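Peer 1: Spelled out, the chains give:
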Amino acid sequence: MRELHEQEPNSSGNMQPTYFDHPAVDVLERFVLHRCSEDELEIVETHMLACESCVCTLENLEVEIAATKLALEHVAAQQQEKVVSAEPRKQFWRSWFSVPTLSWAGAGLAACAFCLFAFVPAGVQLQSERGTATVTVPEWRNARLSLVDAGLPAGSLQAEVVSETGSLVWSGTATSTQGEAKLDLPRMTHPGTYFARLYTAGAEHELLAEFRFEVKFKL
Amino acid sequence: MEQLYKLFSRGIRYYLCRQLGPQELEDKVHDTFLIVVNAIRRGDLREPERLMGFVRTVVRRQVAAYIEHAVHTRREQAELETGISVADRTQNPEQEAMVKQKAELMKSALGALSKRDRDILVRFYLKEQPQEQICREMSLTETQFRLLKSRAKAKFGEIGKKKLASSGLFSVLVRANS
Chain A
1 MRELHEQEPN SSGNMQPTYF DHPAVDVLER FVLHRCSEDE LEIVETHMLA
51 CESCVCTLEN LEVEIAATKL ALEHVAAQQQ EKVVSAEPRK QFWRSWFSVP
101 TLSWAGAGLA ACAFCLFAFV PAGVQLQSER GTATVTVPEW RNARLSLVDA
151 GLPAGSLQAE VVSETGSLVW SGTATSTQGE AKLDLPRMTH PGTYFARLYT
201 AGAEHELLAE FRFEVKFKL
Chain B
1001 MEQLYKLFSR GIRYYLCRQL GPQELEDKVH DTFLIVVNAI RRGDLREPER
1051 LMGFVRTVVR RQVAAYIEHA VHTRREQAEL ETGISVADRT QNPEQEAMVK
1101 QKAELMKSAL GALSKRDRDI LVRFYLKEQP QEQICREMSL TETQFRLLKS
1151 RAKAKFGEIG KKKLASSGLF SVLVRANS
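As given, the protein sequences belong to chains A and B, one line each in that order.
Residue numbering for the first sequence follows the working numbering, starting at 1 and increasing by one per position.
Residue numbering for the second sequence follows the working numbering, starting at 1001 and increasing by one per position.
It cannot be assumed that every hint is accurate.
[To be verified] Straight line, CA to CA, 20 angstroms or less: simulated PhoX-like cross-link-like pairs of lysine-lysine: (1) B:LYS1006 with B:LYS1028; (2) B:LYS1115 with A:LYS69; (3) A:LYS69 with B:LYS1100; (4) B:LYS1115 with B:LYS1155; (5) A:LYS69 with B:LYS1155; (6) B:LYS1127 with A:LYS69; (7) B:LYS1127 with B:LYS1115; (8) B:LYS1006 with A:LYS82.
[Claimed, not checked] If you want the footprint, here are the derived chain B segments under chain A, 3+ residues with CB under 8 angstroms: (9) 1053 to 1059; (10) 1140 to 1148.
It is worth saying that the hints were derived from the structure and are not from the lab.
All values reported here derive from a predicted model rather than from experimental measurement.
Cβ coordinates follow ideal geometry from the N, Cα and C atoms, glycine included.
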């Protein structure tokens, strides 16, 4: 038996293949895939029943096609998975820009700003030299005052903050080193002019320096 | 008789297995031969050159008879033994293992094919689209389709062989195929 290609004339001179000619691989493949026409099926079946080599080819083709299908299914499934997994990721990023999420994000930012405003003390430096410049301490915020005066003795000092009218607002201790005393002021809740005063520690209570500052609301 | 058996046994076995499954295959092959031999002895085969067609007719009738018997049995004995006539269509364990092994290699080979080549294979083998539909939807002539498909398969086979060779499985598969 010999192999006959699809368009090749057979030994009798016409274009129709006979039962004695080996069908082309394409035809055998169609046979395996159950896609032969009636005429083709008759030729392939009749030939194949008496041709061991074509049966062998058919068996190999069956394995090849089954493996191809399996591999294609895997690849198609993987591609599908990629598409599906890419979709939620997109949705995940998009979900960040929804109104509720943005609202929560805004609220979070506001809370952070409030914490910063309320709990982190504002650093303010005051000089003992009097002048026209006024130093402002932010209202509603803790403040750390650095009171600078070259004549301040080193060590622990008594401190007071009084209002413009002379009433005591706060008193405590401050530690002085190298002409600078630091004191942590609580929140000042009323705007106006205030004075920070430093006294010697002990019973004599001698005024060492006075510093003027303004309390104003500012961010 | 021996020559007849030698000539047709493998083809008949393959055909019956493909149509009816591997159950009682040897008995079916034997029954078919008996029918053919008896018919020849009785002189039912008037033109010896028609032997191949005659054998095909006998085999087809045998398949039809088995299916009819199975349908009848199922109808009659449905209550007692459902599934008695259900043929096992799966491949044998060796083939199964071979298919899986090849499929693993083909998976990686598929990744190396171009999108168009892969598309042709997917449409033809997986989606089982007819050639005409693939040609129409991919704007291909029949010749182009045949050429592209055979090229894709050849490329696919080439890549697969390389992978097989590198994985050391080639010799195993060659031995199994021979």
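Peer 1: Hints numbered earlier in the text: which of these fail when held up against the supplied structure?
Peer 2: Hint check: 8 and 10 fail, others pass.
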